[in-house]
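> Take these sequences, add in the hints, and give me the full structure.
Chains A and B are the protein sequences, given in the same order.
Residue numbers for the first sequence follow the working numbering, so the first one is 1 and each next one is one higher.
Residue numbers for the second sequence follow the working numbering, so the first one is 1 and each next one is one higher.
To be clear, the hints were calculated from the coordinates, so they are not data collected in a lab.
Don't take every hint at face value.
To be verified - Pairs of lysine-lysine, DSSO-like flavour, derived with a Cα cap of 27 Å:
id, chain 1, residue 1, chain 2, residue 2
1, B, K118, A, K287
2, A, K303, B, K118
3, A, K303, B, K204
4, A, K303, B, K236
5, A, K267, A, K245
6, A, K45, B, K204
7, A, K321, B, K43
8, A, K313, B, K236
To be verified - Just some of the chain A residues that point at chain B, by a computed CB distance under 10 Å:
id, residue
9, I72
10, K92
11, K96
12, Y99
13, S156
14, F222
15, R250
Bear in mind the structure is a predicted one, so any value in this text is a computation, not a measurement.
Using N, Cα and C, we set each Cβ at its ideal position, and we do this for glycine too.
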Amino acid sequence: MFIGLNETVRGASHVDSGTVCQDYSAYKTTDGYAVAAVADGHGSKKHFRSDFGAKSAVEVTIKAIDEFCADIDEFEKKFMEDPDYLITKIQKYIIKSWYDVVNEHYNNNEVKQEEREKLTDEELAAIKTESIYGSTLIVAVLTENLCFGMQLGDGSLVVIKQCGESYMPIVDDESCPANLTASLCNSNAIKMFGYFYTYDRPLTMIVSTDGLFTSFSSKESFEEYNCLIASQLDDPELLKARMNKNFVRRTNSGSRDDISIAMIFEKEMFDENYINVQMQVDINKNKAAIREAEEKAKQLKRKARVEQIRYEKRMMEEAEKRMLAQKAKLREEMESLEVEVPEEADTSSEVVSDVSE
Amino acid sequence: MEDFSTKARELIDLEDDDPLGATGVSRKSLVIFFLIDTSGSMKGTKMGELNTAMEELMPEIRSIGEADTDIKIAVLTFSTGCAWMYPEPISVEEFEWARLEAKGITDLGMTFEELNRKLSRSEFLNSPSLSFAPVIFLMTDGYPTDDYKAGLRKLQVNSWYRYGLKVALGIGKEANDDMLAEFTTNPDTVVHAYSGGQLAQLIKKIAVTSSQIGSKSMTLADDVLKDLNEMDVIDKKQEQLAEQIKNIVDSDEYPKDVPFDSGW
Numbered sequence: 001m002f003i004g005l006n007e008t009v010r011g012a013s014h015v016d017s018g019t020v021c022q023d024y025s026a027y028k029t030t031d032g033y034a035v036a037a038v039a040d041g042h043g044s045k046k047h048f049r050s051d052f053g054a055k056s057a058v059e060v061t062i063k064a065i066d067e068f069c070a071d072i073d074e075f076e077k078k079f080m081e082d083p084d085y086l087i088t089k090i091q092k093y094i095i096k097s098w099y100d101v102v103n104e105h106y107n108n109n110e111v112k113q114e115e116r117e118k119l120t121d122e123e124l125a126a127i128k129t130e131s132i133y134g135s136t137l138i139v140a141v142l143t144e145n146l147c148f149g150m151q152l153g154d155g156s157l158v159v160i161k162q163c164g165e166s167y168m169p170i171v172d173d174e175s176c177p178a179n180l181t182a183s184l185c186n187s188n189a190i191k192m193f194g195y196f197y198t199y200d201r202p203l204t205m206i207v208s209t210d211g212l213f214t215s216f217s218s219k220e221s222f223e224e225y226n227c228l229i230a231s232q233l234d235d236p237e238l239l240k241a242r243m244n245k246n247f248v249r250r251t252n253s254g255s256r257d258d259i260s261i262a263m264i265f266e267k268e269m270f271d272e273n274y275i276n277v278q279m280q281v282d283i284n285k286n287k288a289a290i291r292e293a294e295e296k297a298k299q300l301k302r303k304a305r306v307e308q309i310r311y312e313k314r315m316m317e318e319a320e321k322r323m324l325a326q327k328a329k330l331r332e333e334m335e336s337l338e339v340e341v342p343e344e345a346d347t348s349s350e351v352v353s354d355v356s357e
Numbered sequence: 001m002e003d004f005s006t007k008a009r010e011l012i013d014l015e016d017d018d019p020l021g022a023t024g025v026s027r028k029s030l031v032i033f034f035l036i037d038t039s040g041s042m043k044g045t046k047m048g049e050l051n052t053a054m055e056e057l058m059p060e061i062r063s064i065g066e067a068d069t070d071i072k073i074a075v076l077t078f079s080t081g082c083a084w085m086y087p088e089p090i091s092v093e094e095f096e097w098a099r100l101e102a103k104g105i106t107d108l109g110m111t112f113e114e115l116n117r118k119l120s121r122s123e124f125l126n127s128p129s130l131s132f133a134p135v136i137f138l139m140t141d142g143y144p145t146d147d148y149k150a151g152l153r154k155l156q157v158n159s160w161y162r163y164g165l166k167v168a169l170g171i172g173k174e175a176n177d178d179m180l181a182e183f184t185t186n187p188d189t190v191v192h193a194y195s196g197g198q199l200a201q202l203i204k205k206i207a208v209t210s211s212q213i214g215s216k217s218m219t220l221a222d223d224v225l226k227d228l229n230e231m232d233v234i235d236k237k238q239e240q241l242a243e244q245i246k247n248i249v250d251s252d253e254y255p256k257d258v259p260f261d262s263g264w
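This is how it looks when you write it as structure tokens:
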């Protein structure tokens, strides 16, 4: 039996500005498959309907998987014959369906003054309809014999293996540095989709929007967090409540962005491997403690280095002072002996400058 | 959604041992790269002023991010070869300036190559909390002694460099503005310090201003006139920085003290 779980929390920045949540998450489970999807609407002036865009992205995706998996045996057979072809076909179908939905929404809903804010007619006309609804999309699909994931834009897909280890199969290729993301509304969206598949049945697949990922200091700690979530799937209702509480804390103190998550797993598989994920959580705790200790050691090393530099500088300055005092004393002695002392340029300021370097 | 059920709240209120509650939260972060010329020609007052200005700058940068943004600092010094002050970007809260010494030649091309290596998700920009393209601040008083164009060509294909906010400070009259403009890709984000007072003020004001602009959220939606691409967003930030630099230099408070080349 497949089980799913999802949660979405409005970002602190949207709460402060009184704007709507632009994330959306959902899942669907049947006897033959499970699908989880999250989407992050771009927000801001130009994408003023991206909340609808994100919701549509998730809904058309679930509908698309539902249609492709209508005959699950046939789907798995075709998938195994040519997975790349089938995944690309699904992606194209999702993009087309999304374009249809948002265009229909646009045609049936005149843009209201409060939506467009200060956009002039000319400016509004210059914006592509799809851009108004721009959104990312991250999807996970699980059947009895395979799983695959798709990602367009920022966000994360984490796979928890049966042994309890977690990994992120879709690699960030650095094509979109910080704060800039690919989107369903891009004209070449199909080329921006990343995907993966495997026939090793996972314990859980978890998709989340970037508001969650960006509240972590390292990829390792984010993966471990996903493992921690997986370890609590024995009580989905309690986990959902805990995630909500934790996401509120994460958006308030961290990313300030909306946070969404959705996950799918097979209950029998989870029950069989529950102990593995519990053990992995313990291993991760040790790993985190080691990282923390290493970080503290680095800080101490840096401080020691700076202290050493300061100490050396102080010693040099003191030596300089002693040297100048000695020089002055010798000068006085020479003068008292009525020896002619040659005039010399005052180099003290230059010496001090050198020391300060 | 956030209006989760009373029952769910009761569940977690009853549950003291929430494992998710123990996980750490990171603030959004921005990395500022300082590329600093420590060649022999910087010896004396230039280096002394620079060291002092950088020491005084750190507390000022600390106040920029405040509660929202964690600003991290990475310092790459160059003379005969190049070296990082610390092996990774350090949060400005913990950053300790290690005073620099001047000697050697000006291997800027090699420096660009080293910067290119570290401007990567697998190197200095590996934190998930990194939310903004980096700020890259170059300071030099002369002309490179190696093939800087070869290094710059490698840097120019690095997305992080392309999307980063770039600014250059020429120190003294020997600094070559054309070369610096090649680095920043915009002559208006190149500025010149001809005296110690100007150097100290420019380092502090430019670093603070570029950090403020760099850490400002600006998405593809901020210009509604056209379908902005990533470069448009960065160009807008560069424009803002150029304008701020002009304001700094035109300000009545800008020092008009003794030029370096007669005073140092």
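> Each hint should be assessed against the structure and marked as holding or not.
Hints versus structure:
no.: 1; hint: K118/B <-> K287/A; result: 25 Å, holds
no.: 2; hint: K303/A <-> K118/B; result: 23 Å, holds
no.: 3; hint: K303/A <-> K204/B; result: 23 Å, holds
no.: 4; hint: K303/A <-> K236/B; result: 39 Å, violated
no.: 5; hint: K267/A <-> K245/A; result: 25 Å, holds
no.: 6; hint: K45/A <-> K204/B; result: 33 Å, violated
no.: 7; hint: K321/A <-> K43/B; result: 21 Å, holds
no.: 8; hint: K313/A <-> K236/B; result: 44 Å, violated
no.: 9; hint: I72; result: 31 Å, violated
no.: 10; hint: K92; result: 22 Å, violated
no.: 11; hint: K96; result: 20 Å, violated
no.: 12; hint: Y99; result: 15 Å, violated
no.: 13; hint: S156; result: 9 Å, holds
no.: 14; hint: F222; result: 6 Å, holds
no.: 15; hint: R250; result: 5 Å, holds
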